[in-house]
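Peer 1: Each chain, written out:
There are 2 protein chains.
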Amino acid sequence: MNRWKRRGESVGFVPTMGALHEGHLALIRRARKENSRVVVSIFVNPAQFGPGEDYRRYPRPFRRDAGWCRQAKVDLLFYPAAEKMYPADYRTEVHLRDWENIWCGRFRPGHFAGVATVVAKLLNIVSPHRAYFGEKDFQQLVIIKKMVADLNFPVEIIAVKTVRESSGLAMSSRNIYLNKAERRAAEKLYPELKKIRADLLTGRLKPTGLPGRLKSRLKQLPEFEKINWKLDYAAVVNNENLSTVKKIAGRGNARILVALWIGSTRLIDNLLV
Amino acid sequence: MNRWKRRGESVGFVPTMGALHEGHLALIRRARKENSRVVVSIFVNPAQFGPGEDYRRYPRPFRRDAGWCRQAKVDLLFYPAAEKMYPADYRTEVHLRDWENIWCGRFRPGHFAGVATVVAKLLNIVSPHRAYFGEKDFQQLVIIKKMVADLNFPVEIIAVKTVRESSGLAMSSRNIYLNKAERRAAEKLYPELKKIRADLLTGRLKPTGLPGRLKSRLKQLPEFEKINWKLDYAAVVNNENLSTVKKIAGRGNARILVALWIGSTRLIDNLLV
Chain A
1 MNRWKRRGES VGFVPTMGAL HEGHLALIRR ARKENSRVVV SIFVNPAQFG PGEDYRRYPR
61 PFRRDAGWCR QAKVDLLFYP AAEKMYPADY RTEVHLRDWE NIWCGRFRPG HFAGVATVVA
121 KLLNIVSPHR AYFGEKDFQQ LVIIKKMVAD LNFPVEIIAV KTVRESSGLA MSSRNIYLNK
181 AERRAAEKLY PELKKIRADL LTGRLKPTGL PGRLKSRLKQ LPEFEKINWK LDYAAVVNNE
241 NLSTVKKIAG RGNARILVAL WIGSTRLIDN LLV
Chain B
1 MNRWKRRGES VGFVPTMGAL HEGHLALIRR ARKENSRVVV SIFVNPAQFG PGEDYRRYPR
61 PFRRDAGWCR QAKVDLLFYP AAEKMYPADY RTEVHLRDWE NIWCGRFRPG HFAGVATVVA
121 KLLNIVSPHR AYFGEKDFQQ LVIIKKMVAD LNFPVEIIAV KTVRESSGLA MSSRNIYLNK
181 AERRAAEKLY PELKKIRADL LTGRLKPTGL PGRLKSRLKQ LPEFEKINWK LDYAAVVNNE
241 NLSTVKKIAG RGNARILVAL WIGSTRLIDN LLV
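Protein chains in written order, with the working numbering: chain A, 1 to 273; chain B, 1 to 273.
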């Protein structure tokens, strides 16, 4: 990577946990367009999974992923072993005061410190000019942007819009966990969020009314009658700093964040208001 | 800095809090010898001072420091404002599990996280090939080496031996706080540590006996009768990982660490066994 930089080439970096889908490919294509070299990492980062979470069962279709990277003209695929990234005496953690404990952080203690730490490591290893992250993991995106600014990493963080299936379901490596009935329910989330956004913008719904409204709507849907589901949280937050928004002040400043369990799968989604 | 690197020049970096003394100059000279470019930073880092500590009174003889840097052929002197390094919405912290809470960390909560964080920032800003740290702040040195390894910073950390006055007193920006009687007492510490080292090597003194031995020796010295003093801790630790050493296994594996209050000044010193 350093040889490329010394030759004056630009390096774009797409960190992933593998199990690539169209969302990742959108990141890779964007990196391909904006840089002369593209590096993709595949690393299922144990530090960002909690004790009861899906670290072990997280999908690892490495050969398929590598083939996709080759097709997408990735110059370098970095797939370190966990023991190399976190040797036995590993002890350094990057924390983001408060932000790591709100929204998804409340339900996944240690998750965002694990994310921030591995991204710091990967940025130092790859030292790219630009790094690409999806808006689907919105709190992660905000936290990484903040870490990069706070710690002065010499890299530009580029956010790429969420890629959705035709149903509106946000692409996620975890969607494969869903059975048919669960998938049908999951597909209803995005249309509901769009209706909620419309009502927030007209003022018919107040931001504080979001969780109640979403829950009562989902309860009425036949697709949600057939499955187990639970809303971890739903909130309208400031698009820059994740703080709770009490009043919508025009378009483009707030964002709906949702984390919803469908069966034993935790899905997240978000939508700019 | 990046322009230098692109031209193939090597960059050596000496981070300091200013109030430069011969110890800093030894770091700068070493950097000067090993690199084509030398960067020095002067930043009294608020994040590494506790509430009751000497952040405000810490000496800031900037013009004198800048003159010394010029004389020492420093290519670039970086002296950022605290508000630039830590804007109001700053929130990222680098922590080193356990190590930040032992030895000096027990007495200075938050200190080593503050050190690790500012060094991470400075390494990203300067992006040097080599960074130079004094052995005098030994726990700091071990922690920074660990952070650099754990977070994969592309930099070589170079340790430089403690510079001492002719009396043996380790050079420190805080020595100017000492009045005459306090300085005379402080000058006795190093000779005592050398005697203790000899006794550790012959086996006459066990590592666990160190604090008791040091306290009883200092009590007997007339220089210590005239001043207020307090031993924060004294310990024999593993030279690589700071763990307590119970038995000396030959030369070069262990280190005596001491933190001693002389009046209202906290001095630290250390000695390879």
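In case anyone wonders, no lab produced these hints; they're calculated from the structure.
Among these hints, one or two may not hold up.
Stated by the list, open to error - List of simulated lysine-lysine pairs, BS3-like, C-alpha gap at most 27 Å:
#1 Lys-230/A to Lys-215/A
#2 Lys-5/A to Lys-219/B
#3 Lys-84/A to Lys-145/B
#4 Lys-84/B to Lys-145/A
Peer 1: Please flag the earlier hints that this structure goes against, numbers listed from lowest up.
Peer 2: Going through the list in order, the structure violates hint 2 alone and respects the others.
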